[in-house]
Amino acid sequence: MRTLNVDSDLAGAARPLRQGTPDNPEQPPLRIKYPAGATITALDGQDLRAMLCAAHANLERHRDAINALNVFPVPDGDTGTNMLLTMQAACQEVISLPQPTVGTLLQRAAHGALMGARGNSGVILSQILRGMARALDGKALCTAADLAKALAEGAETAYKGVSKPVEGTILTVARRASEAAQKAASMDEDLRFVLERVVHAAGEAVNETPSLLPVLAKAGVVDSGGQGLYVLLEGMFRSLQGEAIAAAADARAAAAFEAVDEWGYDIQFLLLPHSPTTDEMTLRERLAMLGGESIVVGSSGPVIKVHVHHADPGPILSLGASLGHLDDIVVENMTLQTLRRRGQAPASTTANVPAAPASPASTISIVAVAPGDGLQSVFRSLGVDAIVAGGQTMNPSTQELLAAIAAVPGSEVIVLPNNSNVILAAQQARALSSKQVVIVPSRTIPQGISALLAHNPQATLAENAQAMEAALQMIETGEITVAVRDAEFDGIQVKAGDVIGLHNDILSARGRTTQEVMEQLLRQMNAADAEIITIYYGKPVSTQEAQALADAVRALYPDQDVELIDGGQPHYHYIFSVE
Amino acid sequence: MTEKTSLGKIDISPDAIAAIASAAVLECYGVVGMASKHPLDGLAELLQRDRARRGVEVSMVDGRIIVDLYVIVEYGTRISEVAYGVMNRVKFSLEQALGVPIAEVNVHVQGLRVSDGS
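Chains as they are written, first to last, in the working numbering: chain L, 1 to 579; chain H, 580 to 697.
Don't take every hint at face value.
Said to hold, decoys possible - List time: in silico EDC-like cross-link candidates among lysine to aspartate or glutamate, alpha-carbon distance up to 20 Å:
1) L:K160 to H:E606
2) L:K495 to L:D529
3) L:K305 to L:D279
4) L:K164 to H:E606
5) L:K539 to L:D566
6) L:K305 to L:D266
To be verified - Sample of chain L residues facing chain H (criterion: CB under 10 Å; computed from the structure):
7) A113
8) L114
9) G122
10) T157
11) A158
12) S381
13) L382
What the hints assert, rightly or not - Now the in silico label distances, taken between C-beta atoms and shown as ranges:
14) H:I645 to L:Q547: 42 to 52 Å
15) H:I645 to L:E332: 31 to 41 Å
16) L:Q458 to H:F671: 57 to 67 Å
17) L:G242 to H:R643: 56 to 66 Å
18) H:S638 to L:D505: 24 to 34 Å
19) H:E606 to L:E332: 36 to 46 Å
20) L:L432 to H:S585: 42 to 52 Å
21) H:S585 to L:L212: 34 to 44 Å
22) H:S585 to L:R523: 16 to 26 Å
23) H:G678 to L:K218: 16 to 26 Å
Because the hints were derived from the structure by calculation, they are not lab data. Treat the numbers as computed from the prediction; the structure is a model and nothing was measured. A virtual CB, placed ideally from N, CA and C, is assigned to each residue, including glycine.
Let's have the full structure, built from the sequences with the hints guiding it.
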């Protein structure tokens, strides 16, 4: 919790990480000041900071490649993003330190990584930095021997964080890198030489991960966390060589993630208290107890001005209303403001959220997660109050779901995750929300649509939840996409470029063409006994192709109604349902 | 937990589910052990691996499987992320092994282990 006293500080909430434009003017840009070829025997805090930032920039360039290293042919990994956000938090913490020593630099970086750790790989990365910080504690400069000791301590700390360490992961890469550092440091005091050996050993260790972890070999990939660590070390080495590492062209996407971190509402109002015992101090404390941030309370005569940031404006306003009359209430959504400023806001957000409930009788609102314009408008047309963009490759965060739940008018909310990977985030949002929230665990888009059709605005929340959950079971879902790499899954051999089909979320068909896979799936789904086949075609497919496929399906299943809808979803060529 | 098939029924005991869950938990990064859910003398005891399933509670409510996990986390990790990782991992492992959805995985952090040498 921060308590600020000047209004202007509130504008400083967003702190983008700027490469090459340090806040400290006498400091050289984030580059190492040593000429190529010279022996480097010691690094100071600024050198090490430049190296950490270069590691971050290098990871940013490789983020997508690392994300793609998942163990399922459909792209759904986020290791690269998680490590990048963790590293970003570390760099953010040190970027404006004036003249740091090596000890304080690592201490701050480790603290930043701890607070910003995302995902498993991010937590492990934060532990490595924590160990390094401990080894370098109190040091002004870092020699080759210090670096070796720091890497060893980092690896050791990382291993301590789990009771059954699994080899063939980032842990193995950290250990092998530190062993190489120790060996190299005993031979030569040149940090360039040592770091070169470290990067080489890390690369070898990454390449060996599939032989240590069968699941990697089966999927035909190396470990994503290990690769992330390798990329970080490589970035440090390259900056030591004097290279400036350009940030990725798609820094825009990272900025979007970063912006979502600065979420919540900016709430301002004037309070005319009922009782004179309500003063600035007690109000400030009570706002802090609610979890408010950046609290500013000022008074002029009997009127108290309140300015606070919070995830949910509801409790703040309720507190105010319980103490007196509210006036001049202003509530702004900072999450969306940031996104808009960066040109990242979903274009139709305002259209998603109706200004007022259509009828005061309906207090149940529905929030659905959907990818693609077409699917989103299908959901909207079926009466969904707010849509959170997301799906297979971009799972929305708990915070985005929470914001959508807070934004809809109803006090009771039904959430349709429409993807098995989103259900957990939805459950967390339910736990955090002050509204009455029910999750109808739809695992696919068609399940979500059939659940919506079962929704009855006259029924209670519990009745609706039951009816909608029952409707999920009535529908069969097929999804068609292209494998991004060779793999074996559920006993099916898949080559990169193969068309693959999922039946109710399980890989169960593969072939050369979408039509061939569609036919296999329809047979598995017993389409001949069904009444309606609905096909949603996605971004990878043109309207003509989709129509040709629908005609082929109509020819095969003349007794069924075949409906074709432009879903606009990414990655999946077709999503279809049989009911 | 019972599943009916055309040939007969499959019965999986909560103990078996707990064994799978505890194996999955111990592979989670940041978790250094399981704790008994009834802390002795107010202290959560670190359980040996074979007794680890005492830190797992499996219950069925209206046919939904609910798993409660009592864990010890390494000091200095981001506890929320570790717990989130545990939820995901345990849910994934159980659903893969059992083929039925797990309704809830609740993580109770019973204590922290401080292993800093300094």
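Right, here's what the structure says about each hint:
For the proposed pair K160 (chain L) and E606 (chain H), the alpha carbon gap of about 12 Å is at most 20 Å, so the pair holds. A threshold of 20 Å between alpha carbons decides the hint, and for K495 (chain L) with D529 (chain L) the separation of about 32 Å lies outside it, so the pair is violated. With a CA separation close to 11 Å, the supplied pair K305 (chain L) and D279 (chain L) stays within the 20 Å bound. A threshold of 20 Å between alpha carbons decides the hint, and for K164 (chain L) with E606 (chain H) the separation of about 5 Å falls inside it, so the pair holds.
Proximity of K539 (chain L) to D566 (chain L) is assessed by CA-CA distance (about 9 Å); at most 20 Å being required, the pair is judged to hold. For the proposed pair K305 (chain L) and D266 (chain L), the alpha carbon gap of about 14 Å is at most 20 Å, so the pair holds. For A113 (chain L), the interface hint holds, the least distance from its beta-carbon to any beta-carbon of chain H being 9 Å, beneath 10 Å. Here the hint on L114 (chain L) is kept, as its CB sits about 6 Å from the closest CB of chain H, short of 10 Å.
Using the Cβ-Cβ criterion of 10 Å, the hint placing G122 (chain L) at the interface with chain H is satisfied: the shortest such distance is roughly 7 Å. Evaluation of the T157 (chain L) hint against chain H yields a held restraint, the C-beta minimum of about 8 Å falling below 10 Å. Interface hint status for A158 (chain L): upheld, as the beta-carbon distance to the closest one in chain H is roughly 9 Å, under 10 Å. Interface restraint check for S381 (chain L): the shortest CB-CB distance to chain H comes to about 29 Å, outside 10 Å, so the restraint is violated.
Of the supplied interface hints, the one on L382 (chain L) is violated, with its beta-carbon coming no nearer than about 24 Å to a beta-carbon of chain H, more than 10 Å. Between I645 (chain H) and Q547 (chain L) the beta carbon distance is about 47 Å. The supplied range of 42 to 52 Å therefore holds. Against the hinted window of 31 to 41 Å, the Cβ-Cβ separation of I645 (chain H) and E332 (chain L) comes to about 39 Å, which satisfies the hint. In this structure, Q458 (chain L) and F671 (chain H) break the distance hint of 57 to 67 Å, their C-beta atoms being roughly 38 Å apart.
For the pair G242 (chain L) and R643 (chain H), the supplied restraint of 56 to 66 Å holds, since their beta-carbon distance comes to about 60 Å. For the hinted restraint 24 to 34 Å between S638 (chain H) and D505 (chain L), the CB-CB distance of approximately 26 Å keeps it satisfied. As the Cβ distance of E606 (chain H) to E332 (chain L) is approximately 44 Å, the hint placing it in 36 to 46 Å holds. The given range of 42 to 52 Å is respected by L432 (chain L) and S585 (chain H), whose C-beta atoms sit roughly 43 Å from each other.
Taking the beta carbon of each, S585 (chain H) and L212 (chain L) are about 42 Å apart, inside 34 to 44 Å as hinted. Between S585 (chain H) and R523 (chain L) the Cβ separation comes to about 20 Å, which falls inside the hinted range of 16 to 26 Å. Against the hinted window of 16 to 26 Å, the Cβ-Cβ separation of G678 (chain H) and K218 (chain L) comes to about 20 Å, which satisfies the hint.
When the structure is compared with the earlier hints, violations turn up for hints 2, 12, 13, 16 and for no others.
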